[in-house]
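Undergrad: As you go down the protein sequences, you meet chains A and B in turn. First residue of the first sequence? That's 1 in my numbering, and the numbers climb one at a time after it. First residue of the second sequence? That's 1 in my numbering, and the numbers climb one at a time after it.
Among these hints, one or two may not hold up.
Unchecked claim - Cross-link-like lysine-lysine pairs, in silico, PhoX-like; alpha carbons within 25 Å at most:
1. A:Lys273 <-> A:Lys103
2. B:Lys66 <-> A:Lys279
3. A:Lys279 <-> B:Lys65
4. A:Lys103 <-> B:Lys10
5. B:Lys65 <-> A:Lys189
6. B:Lys66 <-> A:Lys189
7. A:Lys6 <-> A:Lys103
8. A:Lys179 <-> B:Lys49
9. A:Lys531 <-> A:Lys273
10. B:Lys65 <-> A:Lys179
11. B:Lys10 <-> B:Lys49
Everything labelled a hint here was simulated from the structure, so no lab data went into it.
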Amino acid sequence: MSENTKQNYLNHPKGIMSWLLTLDHKRIGLMYLFSGILFFFLGGLLALVMRFELAAPGNDIISNEVYNNAYTLHGAIMIFLFIIPAIPGALGNILLPLMVGAKDVAFPRLNLASFYIYSFGALFAMYTIINGGVDTGWTFYTPYSTQSTSNVVPMTLGIFIIGFSSILTGLNFIATVHKMRIPGLTWYKLPLFVWALYGTSLVQITATPVLAITMVLLMLERFLGIGIFDPALGGDPVLYQHFFWFYSHPAVYIMILPAFGIISEIIPVHSRKKIWGYKFIAYSTLSIAFIGFLVWGHHMFTSGQSVFSQIVFSFITYFVGIPTGVKIFSWILTMYKGQVSFTPPMFYALAFLFLFTIGGLTGIFLGAVALDIHLHDTYFVVAHFHYVMQGGTIVAFLGGLHHWWPKSFGVMYNQTIANIAALGVFIGFNGTFFPQFLLGLRGMPRRYATYDEQFVELHSYSTFWSGILGISIFIAVMNLFWSFIKKNKVDPGSNPWGGMTLEWTHTSSPPHPHNFEEEPVLQHGPYDYDKVIVEKTYKK
Amino acid sequence: MSEHHITPLKTYLIIAASLLFLSGVTVWVSYIDLGSFNIVLAMFVATVKASLVAFFFMHLLWDDKKNLTMFLMSLMFFGIFVTITMLDTGFRGDLGLNPETKDPINKRAAFYDTLPLTDTHGHPVDEHSDEHHEDKDHH
């Protein structure tokens, strides 16, 4: 092995400043990854506190006020500090330039700036926690949010700032996909994760400014008394919900599209079969991104909006099911007659297929106005969006981490422990959230610190399994980190899963500081398992 | 878009004159009472002006068509937001139970505190007769 191949982005250059001021997309990706995991643990801890409070009726562990803070911070941290920045910021940053054969993203300095803007926004969120929290719920609905004495201002300011980080990352990725592809890497030869990031970025730059506008309007009302949302000043509180959900519904797709991209990578590689319906998956990504802009009112069926718009929103909502169904069927058909190997990433991908499908189908329930009026603000909604966000996005994220871990760090984790943890996540997740569908159907409202005796049994099930879920995720992440200590190195030239995209075939593990020692030449498409045989190589 | 487009000075002057003219139009129409159509017209003129600036002063017309697409997309998304939101605000209370409460938000606002208070059926309510109200409920 030459001296040059020993050099990788983790060990060259050295020193703390070389990390803090790095322009290397892989290092910036890692900084996103570790801050994301930190916030994930913080948000997860808050979730467990709530679950244990709900193990029995009454205020056993925390007061109503603390509970209100806990669910607000859990939602805000998970969404704005972990899910939205984590997958595009971490896996997207590390992989996008490698997948298109580029040395870096189109604007490396802007990329670093995005990370620091994100960190700066996160500081405001942290200040909120230290200063006593915020109790409005992560949606900051008016009129309560303009009257609440909790820290609405620092929290919304933090979100406002983090929004800019999202916009800049999106801009950077779009420019990278358009301008940095190696010759021959045409649109239909791009890995589907790149398509997913592209779709996500489009949503980020078109929807996120609306969030910023909303937060500014909220502040204008709070400080200058301009009547926009507050009826006492002549405003319209439902208008706030229109503004908020015009961003936040597309934001659901900012959260789930990269997860779709990860699954589109994991399934063909671990089934050793060409992806079924490449163009369908690529275009379904774009159509989900577009339809996502037309359905925001389905969050507002009980807000008092006009019946006419309820019908329109309900109708359009069903269209989202089409491209999503296209993806699910394509993934299943990809596995059909493939050589499916039950590796940890594949376990997560399979878990994703089950959990996301349940999440998506219950979304169809909630899209029906008549049913939604019954189920609105109950645990049915809580269970639905956790099946999408955690069962979908976070499970896919864990799958992606396991898939690209040997590539990013050049070390392999214990696969048996990873499989057991994945199973624990799957069972623990269903145990936690499936009872919540039943709770919701029976009328258990969300955001309450206590409940009627009749709900005790289902709530205690949910709490028990949430413990298993928490422990499983902890084991999964610790197992990954343990690989650093164990130093179970993979050969720099290895390709443990037999991937066909450029990051597996043309660069070392961990990658070279400049990604590729020479500009890669494209020899085959990203999923050409029917044309080329790629060996799985783990160690020499 | 390999070469840089050079716009003749005459074009710039024509656009500048159009912008000034359109500013005049904005002021002029503000004196005519068209009801709620006033705001639509003002926004339309403003959009035309902004588009002229983007197309000619900012060279969008001669630039890479992707940038034009982005610009048009932003207009489209804005249109989607405003149109669909107005499907709500324009038809609010369209179950039509009672004309008085058709726009409950604005009519109840302290800001528009000119109307007498009414209950949900439009019957006048005396502000100072809470006890009387309770009696009614009991019967």
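Undergrad: Could you run down the list of hints and mark each one as holding or not?
TA: These are the hints, each one checked on the structure:
1. Between lysine 273 (chain A) and lysine 103 (chain A), the direct Cα distance comes to roughly 29 Å. Violation of the 25 Å bound is thereby established for this hinted pair.
2. For the suggested pair lysine 66 (chain B) and lysine 279 (chain A), the alpha carbons sit about 21 Å apart, so the restraint of at most 25 Å is met.
3. Only pairs whose Cα atoms come within 25 Å are accepted, and lysine 279 (chain A) paired with lysine 65 (chain B) is accepted, the gap being roughly 24 Å.
4. The suggested pairing of lysine 103 (chain A) with lysine 10 (chain B) is violated, with an alpha-carbon distance near 45 Å, which exceeds 25 Å.
5. A distance of roughly 23 Å separates the Cα atoms of lysine 65 (chain B) and lysine 189 (chain A); the hinted pair therefore holds under the 25 Å criterion.
6. Of the pairs offered as hints, the one joining lysine 66 (chain B) and lysine 189 (chain A) holds, with about 21 Å between alpha carbons and a cut-off of 25 Å not exceeded.
7. Our distance criterion of 25 Å between C-alpha atoms is met by lysine 6 (chain A) and lysine 103 (chain A), whose separation comes to about 18 Å.
8. The hinted pair formed by lysine 179 (chain A) and lysine 49 (chain B) fails the criterion: a straight-line CA distance of about 32 Å is larger than 25 Å.
9. Proximity of lysine 531 (chain A) to lysine 273 (chain A) is assessed by CA-CA distance (about 10 Å); at most 25 Å being required, the pair is judged to hold.
10. With a CA separation close to 15 Å, the supplied pair lysine 65 (chain B) and lysine 179 (chain A) stays within the 25 Å bound.
11. For the given pair, lysine 10 (chain B) sits about 18 Å from lysine 49 (chain B) by alpha-carbon distance, which is consistent with the 25 Å threshold.
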